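Please work from the sequences and hints to get the whole structure.
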Amino acid sequence: EAGVAQSPRYKIIEKRQSVAFWCNPISGHATLYWYQQILGQGPKLLIQFQNNGVVDDSQLPKDRFSAERLKGVDSTLKIQPAKLEDSAVYLCASSRAVTYEQYFGPGTRLTVT
Amino acid sequence: GQQLNQSPQSMFIQEGEDVSMNCTSSSIFNTWLWYKQDPGEGPVLLIALYKAGELTSNGRLTAQFGITRKDSFLNISASIPSDVGIYFCAGQLGVGSKLTFGKGITLSVRP
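For the protein sequence lines, the chains are A and B, in the order given.
The first sequence lines up with residues 1 to 113 when you count with the working numbering.
The second sequence lines up with residues 114 to 224 when you count with the working numbering.
In case anyone wonders, no lab produced these hints; they're calculated from the structure.
There could be a bad hint or two in this list.
[To be verified] Straight-line distance between alpha carbons at most 20 Å, and here's what the computed EDC-like set of lysine to aspartate or glutamate pairs gives:
{"#": "1", "chain 1": "A", "residue 1": "LYS11", "chain 2": "B", "residue 2": "ASP184"}
{"#": "2", "chain 1": "B", "residue 1": "LYS211", "chain 2": "B", "residue 2": "ASP184"}
{"#": "3", "chain 1": "A", "residue 1": "LYS15", "chain 2": "A", "residue 2": "GLU85"}
{"#": "4", "chain 1": "A", "residue 1": "LYS78", "chain 2": "A", "residue 2": "ASP63"}
{"#": "5", "chain 1": "B", "residue 1": "LYS216", "chain 2": "A", "residue 2": "GLU68"}
{"#": "6", "chain 1": "A", "residue 1": "LYS44", "chain 2": "A", "residue 2": "ASP63"}
{"#": "7", "chain 1": "B", "residue 1": "LYS211", "chain 2": "A", "residue 2": "GLU101"}
{"#": "8", "chain 1": "A", "residue 1": "LYS44", "chain 2": "B", "residue 2": "ASP151"}
{"#": "9", "chain 1": "B", "residue 1": "LYS216", "chain 2": "B", "residue 2": "ASP184"}
{"#": "10", "chain 1": "B", "residue 1": "LYS216", "chain 2": "A", "residue 2": "GLU85"}
{"#": "11", "chain 1": "A", "residue 1": "LYS15", "chain 2": "A", "residue 2": "GLU101"}
{"#": "12", "chain 1": "A", "residue 1": "LYS11", "chain 2": "A", "residue 2": "GLU85"}
{"#": "13", "chain 1": "A", "residue 1": "LYS62", "chain 2": "A", "residue 2": "ASP86"}
{"#": "14", "chain 1": "B", "residue 1": "LYS164", "chain 2": "B", "residue 2": "ASP184"}
{"#": "15", "chain 1": "B", "residue 1": "LYS211", "chain 2": "A", "residue 2": "GLU68"}
{"#": "16", "chain 1": "B", "residue 1": "LYS211", "chain 2": "A", "residue 2": "ASP56"}
{"#": "17", "chain 1": "A", "residue 1": "LYS15", "chain 2": "A", "residue 2": "ASP63"}
{"#": "18", "chain 1": "A", "residue 1": "LYS44", "chain 2": "A", "residue 2": "GLU14"}
{"#": "19", "chain 1": "A", "residue 1": "LYS44", "chain 2": "B", "residue 2": "GLU167"}
{"#": "20", "chain 1": "A", "residue 1": "LYS44", "chain 2": "A", "residue 2": "GLU68"}
{"#": "21", "chain 1": "B", "residue 1": "LYS164", "chain 2": "A", "residue 2": "GLU14"}
{"#": "22", "chain 1": "A", "residue 1": "LYS11", "chain 2": "A", "residue 2": "ASP86"}
{"#": "23", "chain 1": "B", "residue 1": "LYS211", "chain 2": "A", "residue 2": "ASP57"}
{"#": "24", "chain 1": "A", "residue 1": "LYS78", "chain 2": "A", "residue 2": "GLU14"}
{"#": "25", "chain 1": "A", "residue 1": "LYS62", "chain 2": "A", "residue 2": "GLU85"}
{"#": "26", "chain 1": "B", "residue 1": "LYS183", "chain 2": "B", "residue 2": "GLU167"}
{"#": "27", "chain 1": "A", "residue 1": "LYS44", "chain 2": "A", "residue 2": "ASP56"}
{"#": "28", "chain 1": "A", "residue 1": "LYS44", "chain 2": "A", "residue 2": "ASP57"}
{"#": "29", "chain 1": "B", "residue 1": "LYS216", "chain 2": "B", "residue 2": "ASP151"}
{"#": "30", "chain 1": "B", "residue 1": "LYS183", "chain 2": "B", "residue 2": "GLU154"}
If you're wondering where the values come from, they're calculated on a predicted model, not measured in any experiment.
Printed below as a string of structure tokens:
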């Protein structure tokens, strides 16, 4: 079974630029999560989707971050405009609905200069 | 907000030794999970605990869900070089609720 795919793996941008990350979850997984992992910290949930609906986006900085999962499969996370403090690894995870195990992708390492 | 405390930040052990890691919280969680993260990869689930007092093993790993539901520990026995990585505890209030992660413990194993 293929794992969670993310691209790009690395991205370097200047502050105030825009960036987008893509995630393809494990086939059949209805729940998709985006996490932000700052260096030296554990992952922090940004947004959770159930199919194409948002379940929890309480920790998403909505003035600059947006995410969508239009067809209930792939998802994109966008930052516009980026700030220095957005430098982090952005992890996507997926799970079958309402089970505990989340499978994580390898992440996208974002550096904002 | 809820916080999970893991300390120390780093641990150094000799190959073959056992190691124990603790995770504590000021609030109750109904599920505790332990993840391992290798460099450049996402976290991988090691053990999940669903009931207070539960003791679960997975090979050389043993984890327990504290009776108070505010702590958990992970033991690794007879460590090997591939045990190197960052170990995170995570708590979950209920089915489908968000995971809250600790800051992680970086484990180094000397051959």
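> Looking back at the hints listed earlier, which ones does the structure fail to meet?
Replying inline: Per hint list: 1, 5, 11, 18, 19, 21 and 30 violated.
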